[in-house]
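Peer 1: Chain by chain, the residues run as shown.
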Amino acid sequence: MFIPHTDDERKVMLETIGKTSLEELFNVVPQKYRYPNLDLPVGLSEMEVLEQIQDLADANDACDNLVCFLGAGAYDHYTPAVVDSLLRRGEFFTAYTPYQPEISQGTLQAIFEYQSLIAHLTGMEVCNASHYDGATAAAEACITAYHHFQGKRKTFLLSPAVHPDYRATIRTYLCGFEGKLIQGDEPNQDPLSTPESLIPSIDGNTALVLVQYPDFFGRIFDLSNLVKKAHEAGSLIAVAVNPIALGLIKAPGEIGVDIVVGDGQPLGIPLSFGGPTLGLFATRKELIRKVSGRIVGETMDAQGRRGYVLTLTAREQHIRREKSTSNICTNQGLMALAATIYLSLLGKQGLRKISELCYQKAHYAAQNIGKLRGFSIKTDIPFFNEFIVKCPKSISLMNNFLIDHGFLGGYDLATISPTLENHMLVAVTEKISKEMIDLFCEKLVEVANE
Amino acid sequence: MKIPADFRYTETDEWLKVDGKIITIGITDYAQNHLSDLVYCGLRAEKGAIVAKGDLIVEIDSVKASAEVNSPVSGKVLDINQSIASTPEVINTDPYGNGWFYKIEITNPADLEKLMSAEDYEKYCETRGN
Amino acid sequence: MSEPTIFELSSPGRVGFQLPEFDVPKVDFPQNLLRGNLDLPELSEIDVVRHFTRLSSLNYSIDKGFYPLGSCTMKYNPRINEVTARLPGFSFSHPLQPIKTVQGNLFLMFQLQEWLKEITGFAAVSLQPAAGAQGEFVGCLIIRAYHQDRKDYKRKIILVPDSAHGTNPASTTMAGFDVVNIPSDKRGNVDIAALKLVCNENVAGLMLTNPNTLGLFDENILEIINIIHKAGGLVYGDGANLNALLGIVRPADLGIDVMHFNLHKTFSTPHGGGGPGSGPVGVSKELADFLPEPLVGIIEKGDDEIPPLYGFFKPFKSIGRIKSFHGQFGILVRAFTYISMLGKDGLRQVSEYAVLNANYLMHKLKEKYTLPYDRTCMHEFVLEGIWNDIPDIHALDIAKRLMDYDFHPPTNYFPLIVKEALMIEPTETESKQTLDRFAEAMLKIADEAHTNPQLLHEAPHHTPVSRLDEVKAARDLVICCWPVKDN
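Chains as they are written, first to last, in our numbering: chain E, 1 to 450; chain X, 1001 to 1130; chain C, 2001 to 2487.
Next up, chain E with everything else stripped away, as it sits in the complex (with noise of 0.2 Å):
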């Protein structure tokens, strides 16, 4: 199909190489083995292509025809045209990673602005061209941690009320370093205990405490007495961001925090089902080098001109090989540059605005469904865009109905913890009209009486 080559070409590139036909190229192969048949349908044309993957996508009831109430680290905001239009070129999209920078300078000063916008957007001193996503980001600040302590702390305390993916990934990624103790989100623990809850835990065998800033369930905690604690004991700290409220809420930065990690998709990525997404990753100037990923640095051509090169490589894989802290290899190159266009977008004054935006109509949301019979919030802790709905019936049954009247209800509770039965975690965007959440709030009246 995008092979260009003729009969002719082809005969006469086989006779330059002394063969006489293309099977001659594969006699290595064990010929029992050789040529397998595949049981695989037929090519097809574009048209007839795009017409079975239409019907696939049509299958679908997605967030483009309803109103997206559902969060849990992934969330429906906007994305401004000029994103995707200029993700779209190809110079950006079919370009390779820029190990060659006489040729790259396109990618490498769009990965510095990005690194340099995340950095002053947490408050950190430097930050990394980034993680597959936020699991894995955190999962990697565990193993920087690991090896900044060389190996002689090896606990690793995470709060329970960090997304559960993230915990679960920092598992997997952690099975193989011998002797350590991942603490703090066991499942007797409560789900919803505050960040101040692990400090009886931090000893001096704590590498990392982990919290979520805002966490799993939107509430945003004064973290600076754990902060100070955890640095007492000897250990790093670290937080997984929302980058959205980061807009409106004090920068881990300010309260002296280690590693910032979180999940970008909020920064004009779409939702596209969890995937391709971004992994935040900013941390201290000095824990730079036990850092994993790429790094682009800035610096200068024989003709003292600027450029950006890729730097520290002496870190990555294709150098430190078994000695390298991580087996990291491509960021999320493409995805980066839409987070960094987003942000130039929306600038400092347009930042502040969505993030309050969020805030105001999740509290509007709160307030108005805290109100109706059978229904209560938990409002004693402060939260940005997220919050908990105790409801009067089960959550899965509520969101089949509130399907069919065009809303996608909140996260089911009960997947996290049996404590959380009928528990519902509500998001709310700057997509959401004053409209729209009356109306959602009238269709839980009629689910709940039903």
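One or more of the hints may lead you astray.
In silico EDC-like cross-links for lysine to aspartate or glutamate, where the CA-CA straight-line distance does not exceed 16 Å [stated by the list, open to error]:
1) K2100(C) - D7(E)
2) K152(E) - E1105(X)
3) K431(E) - D2023(C)
4) K250(E) - D222(E)
5) K250(E) - D2039(C)
6) K2432(C) - D7(E)
Calculated from the structure, these hints are not laboratory results.
Since the structure of chain E is provided, determine the placement of chains X and C on it from the hints.
Peer 2: Chains X and C alone, transformed into the frame defined by chain E:
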């Protein structure tokens, strides 16, 4: 390629200047040439620390490679080269002089027996070619 | 003139994107949690569009020209992939929606699992891993889990050929194994004698790239796999070079137990300037229970009237979760589109022409370049970028000079076992004309190296920037722009 005659050497390209029980340690001209321009040097042991033979004591990075120095001796760190961290390039220009890392008081003289003479080290480097 | 950064283009008060006004009554925000400074640049929409458009023009890309990058498979990225991945039914689907509402997604994933199984011969496939390196890591974890499940705890070693990609030893170390390197023999195969010497009951497995990074199909592949299996180990296949094998041979048929595939190489999904990729993993029947969660399967069987219900499930002895949600779905849609268009015959043609192109180019270049392994190659081959009579010219110089001829250089300095290596992989989407032009450029550069070496040493001459000072970059370490402070 320089190989001072009065120093001793390891197979992992460290040099040791032996002064009774006190040794000074650095990496050889062969090593710095192989690594090329050094961009980072991190001394992992502090002044006064006790190191065991085999402990990681230096991490060095160049643009194209990364290397570690494991202590060839057991002993106590008497002195560290304070300025090397901010000027790692000195290791390239003056590996046997200002490019030193540590002065260590050894606790086990037997550690010195396994070291190579300058002659042996030169032969060793020749066999490795590039 | 270099392009200013967004921080330098910033002008106070500018906003590039207008948001709707507040339509709800406002409540206060707790002051102790409020952010102080927000140092982001301020640009208008036109500034942003111009800035990134200009940046894009500084890039080389497949759309612009040929990338002979060995091991990267820089084939053409079909435009239709970009259309299907963006269909609103896909791009607006939330990963945690009730499965009944995303049957289109789940069917696509299930079908892709099935197709990859069919192409490679494996019994089960996980689409979770986000990239090749992550797929490798998963493979190592599966090997580890397999042995632990058998209560065989002494298998701490993984054997890795010295020609392997750097991610191989890195992945094995991350999984808690020790690496033992295996040399290659004179014909570029794994050294069987050396392999037999180290193969014992402490070996968990062997990581094998086949065709290897020299572009050679191992002549003893069946024997090698047999040796490892006899010793009780497993064979991991690095699927980076799968572009040579589609419809030619199925890795699982050869006895490989676990393998990752790079969708951004073999299956045409774009490189994006460094990602996102996707690295699904295929396994034999014995290892299927260990795959990461979640896999896509049929939850409820259908019948003549009702289609089956697709959903997620966790394999019985799963190694666990390796990332959030369900893998790089947008990339999976692209790979699915590609396979749909090619079909059974199209896939085989991919490999046939990839291998033809590589052999053709190899034949033309060996005229003036040293070819360390002179036998029929697969989809890539390696040359030495150095000549005995002019030792001052290195692979790096050849690479930089190629840019003056409007070509991206080949992979250099890899694999480590070839002096001044230049690894070349044309892929099947390049025409004979392009290959001829590339060969002409390479042969000319070989001449220039002998007659006018300065041209190479000072190359590139015609690019937006010339050779950059990498030592300065690492020493000064400027990796962040700082905003211009308002006075």
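Peer 1: Decide, hint by hint, whether the structure agrees.
Peer 2: Structure-based check of all given hints:
1. Using a Cα cut-off of 16 Å, the hinted pair K2100(C) and D7(E) is violated, with the two alpha carbons roughly 48 Å apart.
2. For the proposed pair K152(E) and E1105(X), the alpha carbon gap of about 25 Å is over 16 Å, so the pair is violated.
3. With a C-alpha separation of about 12 Å, the suggested pairing of K431(E) with D2023(C) holds against the 16 Å cut-off.
4. For the given pair, K250(E) sits about 9 Å from D222(E) by alpha-carbon distance, which is consistent with the 16 Å threshold.
5. A distance of roughly 13 Å separates the Cα atoms of K250(E) and D2039(C); the hinted pair therefore holds under the 16 Å criterion.
6. This hinted pair checks out: K2432(C) and D7(E) have alpha carbons roughly 12 Å apart, not beyond 16 Å.
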